[in-house]
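**Student:** Residue numbers (the UniProt record's numbering): 1 to 86.
These are calculated hints, taken from the structure and not from any lab test. Please note that the accuracy of each hint is not assured.
Straight-line Cα separation of at most 20 Å, SDA-like style, residue types lysine to any residue; simulated pairs [stated by the list, open to error]:
#	residue 1	residue 2
1	K40	P2
2	K40	T17
3	K80	F53
4	K78	A10
5	K78	T23
6	K80	I19
7	K80	Q34
8	K78	P7
9	K78	Q34
10	K68	S20
11	K66	Q38
12	K80	T17
13	K68	K78
14	K40	E79
15	K80	A10
16	K80	T23
17	K80	V30
18	K40	H16
19	K66	T23
20	K68	K80
21	K40	E14
Each pair of labels, with its calculated beta carbon distance range [as the list claims (entries may be wrong)]:
#	residue 1	residue 2	range
22	V81	A21	27 to 33 Å
23	G49	P5	29 to 35 Å
24	P2	Q58	30 to 36 Å
25	E79	F24	25 to 31 Å
26	V81	P48	15 to 21 Å
27	P2	Y67	30 to 36 Å
28	P5	I61	37 to 43 Å
29	P2	N64	27 to 33 Å
30	E45	M83	23 to 29 Å
31	V13	I47	32 to 38 Å
32	G65	N28	20 to 26 Å
Beta carbons are placed, not taken as given, at the ideal position from N, Cα and C, and that holds for glycine.
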Amino acid sequence: YPTCPRPELALGVEAHTDISALTFLLHNMVPGLQLFHQGKWITAECIPGALIFQLGDQVEILSNGKYKSGLHRGLVNKEKVRMSWP
1 YPTCPRPELA LGVEAHTDIS ALTFLLHNMV PGLQLFHQGK WITAECIPGA
51 LIFQLGDQVE ILSNGKYKSG LHRGLVNKEK VRMSWP
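Given these sequences and hints, build the entire structure.
**Tutor:** Structure representation (structure tokens):
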């Protein structure tokens, strides 16, 4: 996602869940990943070398809803480019 001079007016990626079973994300130290938790959006903390592990739709289906797919979105950043790839 390119830099955005007014990030409060733009959204990088709309809220969604992943169709896969599992997603592993290596944070690139640019804030912007948000997770929907207990009715509000929280920003994932940038921890060097940490992996973010997220359950996807396939696990939710196979567990009959016991384990939920994580709703998340990506924000743009005013100063730094964010990268994401499937």
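**Student:** For every hint, state whether the structure bears it out.
**Tutor:** Comparing the hints with the structure gives:
The hinted pair formed by K40 and P2 fails the criterion: a straight-line CA distance of about 25 Å is larger than 20 Å. Between K40 and T17 the alpha-carbon distance is near 16 Å, which keeps this suggested pair within the 20 Å criterion. For the hint pairing K80 with F53, the CA-to-CA distance comes to about 23 Å; that exceeds 20 Å, so the pair is violated. Distance check on the hinted pair: K78 and A10 sit about 10 Å apart at the alpha-carbon level, within 20 Å; holds.
A distance of roughly 26 Å separates the Cα atoms of K78 and T23; the hinted pair therefore is violated under the 20 Å criterion. The suggested pairing of K80 with I19 is violated, with an alpha-carbon distance near 28 Å, which exceeds 20 Å. For the suggested pair K80 and Q34, the alpha carbons sit about 16 Å apart, so the restraint of at most 20 Å is met. Taking the CA atoms of K78 and P7, the gap is about 6 Å. The hint holds against a cut of 20 Å.
Of the supplied pair hints, the one linking K78 and Q34 holds, its CA atoms being roughly 16 Å apart against a limit of 20 Å. Taking the CA atoms of K68 and S20, the gap is near 12 Å; set against the 20 Å cutoff, the hint holds. For the proposed pair K66 and Q38, the alpha carbon gap of about 16 Å is at most 20 Å, so the pair holds. Distance hint between K80 and T17 is unfulfilled; the C-alpha atoms sit about 25 Å from each other, more than 20 Å.
A distance of roughly 32 Å separates the Cα atoms of K68 and K78; the hinted pair therefore is violated under the 20 Å criterion. A C-alpha spacing of about 25 Å is found between K40 and E79, which places the hinted pair above 20 Å, so the restraint is violated. With a C-alpha separation of about 15 Å, the suggested pair K80 and A10 falls inside the 20 Å cut-off, and the hint holds. Proposed proximity of K80 and T23 is contradicted: the alpha carbons are some 24 Å apart, above 20 Å.
For the hint linking K80 to V30, the alpha-carbon distance of about 7 Å falls within 20 Å, and the restraint holds. With a C-alpha separation of about 14 Å, the suggested pair K40 and H16 falls inside the 20 Å cut-off, and the hint holds. Simply put, K66 and T23 have alpha-carbon atoms about 18 Å apart, close enough for the 20 Å limit, and the pair holds. A threshold of 20 Å between alpha carbons decides the hint, and for K68 with K80 the separation of about 31 Å lies outside it, so the pair is violated.
Between K40 and E14 the CA atoms are separated by roughly 15 Å; this keeps the pair inside 20 Å, and the hint holds. About 29 Å separates the C-beta atoms of V81 and A21, a value consistent with the hinted range of 27 to 33 Å. Between G49 and P5 the CB atoms are about 31 Å apart, so this pair conforms to the stated range of 29 to 35 Å. Roughly 31 Å separates the CB atoms of P2 and Q58, a value that falls within the hinted 30 to 36 Å.
Judged by the Cβ atoms, the range 25 to 31 Å given for E79 and F24 holds: they are separated by roughly 26 Å. One distance hint, 15 to 21 Å for the beta-carbon pair V81 and P48, holds here, with the actual separation near 18 Å. Range check, P2 to Y67: Cβ separation about 35 Å, and the 30 to 36 Å hint holds. Distance hint for P5 and I61: a CB-CB separation of about 41 Å, consistent with the stated range 37 to 43 Å.
A beta carbon spacing of about 41 Å between P2 and N64 contradicts the range 27 to 33 Å that was offered as a hint. Checked against the given bound of 23 to 29 Å, the beta carbons of E45 and M83, roughly 18 Å apart, lie outside it. Restraint check, V13 to I47: a C-beta distance of roughly 21 Å breaks the suggested window 32 to 38 Å. A C-beta distance of roughly 32 Å is found between G65 and N28, which places it outside the suggested range of 20 to 26 Å.
Of the numbered hints listed earlier, those contradicted by the structure are 1, 3, 5, 6, 12, 13, 14, 16, 20, 29, 30, 31 and 32.
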